[in-house]
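Here is how the chains run, residue by residue.
There are 2 protein chains.
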Amino acid sequence: MRAVVLHAPGDVRVDEVEDPEIIEPTDAVIRVTAACICGSDLWPYRGIENVDGPTPMGHEYVGVVERVGDAVREVGVGDLVVGSFVASDNTCEICEAGFQSRCVHQVMMGSIGTQSEFARIPLADGTLVKVPGEPTPEQQRGLLAASDVLGTGWFAAVAAEAGPGKTVAVVGDGAVGLLAILAARHLGSERVIAMSRHADRQRLARRFGATDIVEQRGEAGVARIKELTGGYGAHSTVEAVGTQESMTQAIGATRPGGHVGYVGVSHGVELDGLDLFFATVNLLGGPAPVRRFLPDLIDLVMTGRIDPGIVFDLTLPLDRAAEGYQAMDERRAIKVLLTL
Amino acid sequence: MRAVVLHAPGDVRVDEVEDPEIIEPTDAVIRVTAACICGSDLWPYRGIENVDGPTPMGHEYVGVVERVGDAVREVGVGDLVVGSFVASDNTCEICEAGFQSRCVHQVMMGSIGTQSEFARIPLADGTLVKVPGEPTPEQQRGLLAASDVLGTGWFAAVAAEAGPGKTVAVVGDGAVGLLAILAARHLGSERVIAMSRHADRQRLARRFGATDIVEQRGEAGVARIKELTGGYGAHSTVEAVGTQESMTQAIGATRPGGHVGYVGVSHGVELDGLDLFFATVNLLGGPAPVRRFLPDLIDLVMTGRIDPGIVFDLTLPLDRAAEGYQAMDERRAIKVLLTL
Chain A
1106 MRAVVLHAPG DVRVDEVEDP EIIEPTDAVI RVTAACICGS DLWPYRGIEN
1156 VDGPTPMGHE YVGVVERVGD AVREVGVGDL VVGSFVASDN TCEICEAGFQ
1206 SRCVHQVMMG SIGTQSEFAR IPLADGTLVK VPGEPTPEQQ RGLLAASDVL
1256 GTGWFAAVAA EAGPGKTVAV VGDGAVGLLA ILAARHLGSE RVIAMSRHAD
1306 RQRLARRFGA TDIVEQRGEA GVARIKELTG GYGAHSTVEA VGTQESMTQA
1356 IGATRPGGHV GYVGVSHGVE LDGLDLFFAT VNLLGGPAPV RRFLPDLIDL
1406 VMTGRIDPGI VFDLTLPLDR AAEGYQAMDE RRAIKVLLTL
Chain B
1106 MRAVVLHAPG DVRVDEVEDP EIIEPTDAVI RVTAACICGS DLWPYRGIEN
1156 VDGPTPMGHE YVGVVERVGD AVREVGVGDL VVGSFVASDN TCEICEAGFQ
1206 SRCVHQVMMG SIGTQSEFAR IPLADGTLVK VPGEPTPEQQ RGLLAASDVL
1256 GTGWFAAVAA EAGPGKTVAV VGDGAVGLLA ILAARHLGSE RVIAMSRHAD
1306 RQRLARRFGA TDIVEQRGEA GVARIKELTG GYGAHSTVEA VGTQESMTQA
1356 IGATRPGGHV GYVGVSHGVE LDGLDLFFAT VNLLGGPAPV RRFLPDLIDL
1406 VMTGRIDPGI VFDLTLPLDR AAEGYQAMDE RRAIKVLLTL
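Going down the list, the sequences are from chains A and B.
In the working numbering, each number is its position in the first sequence, counted from 1, plus 1105.
In the working numbering, each number is its position in the second sequence, counted from 1, plus 1105.
All clues stand as given, with none of them false.
Any copy will do: because identical chains look the same in the list, a pair fits if it lies in one copy or spans two.
DMTMM-like, lysine to aspartate or glutamate: derived pairs with alpha carbons at most 25 Å apart:
1) 1331 to 1194
2) 1331 to 1380
3) 1331 to 1317
4) 1235 to 1129
5) 1331 to 1198
The set of hints was computed from the structure by calculation and includes no laboratory data.
Here the structure is a predicted model, which is why all the values come from computation and not from measurement.
From just these sequences and the hints, can you work out the full model?
Now the structure itself:
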């Protein structure tokens, strides 16, 4: 089959590789019907994360079940399915508490790769959620977003305790940050402040429900958030970048007793214990337990109540994945969908 | 009046100083009836925190109102009162959300000193809580504990979301950690694991309701907590020390999705962002908003439902404060009460 493979920083190719097989009886193999490029795929692409030899890429997917292992009960051949970027058994105590991304049997889908014609999905019963009915092309895009960026933005908003009466600040105007805006509004927050200095992303932020835009960053950005919130800071802040600057900005923008939901994969972040102590904010983050939210998100997409798929602003066939990486790297695209 | 003054590391004296005056119309002056030495007083005593010239000591107190400023309405001369170690207006949005320790008008009582015959209490209406009735000597000790160590342990247990169905681990066997055990049990946790290697503190931990004792520290301590919790880790962990080792131990002992309540004042702690990301735990800590809990804690003490005062294992007259510091520094005493 064809699959996107990263050979070295900046060198991404579509190679012919072995078709995936059922390895464990709990596996399924899906025919991928749509995949996409994630902001986190850019870390190794940019050489910020090490690349040790050819690496399969991608961890977001919508697909049709092609084969299942003997122990799979909940999904069958021909089902249209969406899964999270982390495979999980969905039965351990961690999963039952809603933290499927840290399941005791977790498998990171990024280690398998889903920017490919087919993909092996471990723990299929726990990981995959069936899509009812036949999605429109818009809904198909929305379902693909649910697999990671929507689910991750949603978790960030929930972790930040967005809701009625809460002013939410969002640090990061990538796809996750933008969809956290949609989530915060859906969860009932009347005021959502997007921190963005790019006109195209500001427009999308407004479409997703942002009520205010703050262009300043760092200390000036924190000062502006405080100015907009009676001097107190936001009740809830989403961090969706993963750098020292963005974490510092997110914590600084949050009032004491407020909540920071952080989902940007940390790169070189160090938090000073005493600063954190006196910030006195709730911190919750990590790889988002997308599986927790998937059934609801699929329902919201399939009933047309949310349209997260508009976050994809460039669509390319799988064979042109390299162009997609380049466009995202150069910030010419927010999120690239790969068709198969 | 007489007051405890730190002149240099290890050099604590009872000096004759000026009596406090009403400075702001919102101030009260109390006659301190009991004060005590805090674990955090040991940081400057040990020279780990800088001492710039003679420094008044202490921030915990029970007392009788002696004088009030013109704007004080809620407390009057002759009232027996307890207050938190942070003076707060109790009316700003931060206070109203229950984070009085980070009130926009906060005054740290440690900057004033309460190991003294009298003390000025800023923002008296917001800070002081009246004690109903006449406390017994045991209750007086309990009320004094409420001023900081009990209130701080309580906050840590609440921040860690201790409660029914939760296994709670407590890192730190000082007065705060010990009283967090009491709090966790009172909040409904069936299982509370005290991490302690001192027989006297283990005994007190058991008295406060600890069900298990873990003597190991560091990675071995974390491994033991996992072993005791089906491999998952504690649902809720209290950190009551403030060192790199204790924070690492607390985070490591907590299952993904669990809660860490940290109240040890951080000294040299650095948290690695990526480790924290993959720990995926809720973190909440800081100076405890004791004022939030004071009315309930006073009620629990005065109705005899809790007896936190047994944490004081050495009682000395104010004039012998230096002996008290030495006993705590050498860990011969858990918590020293100073009588006046």
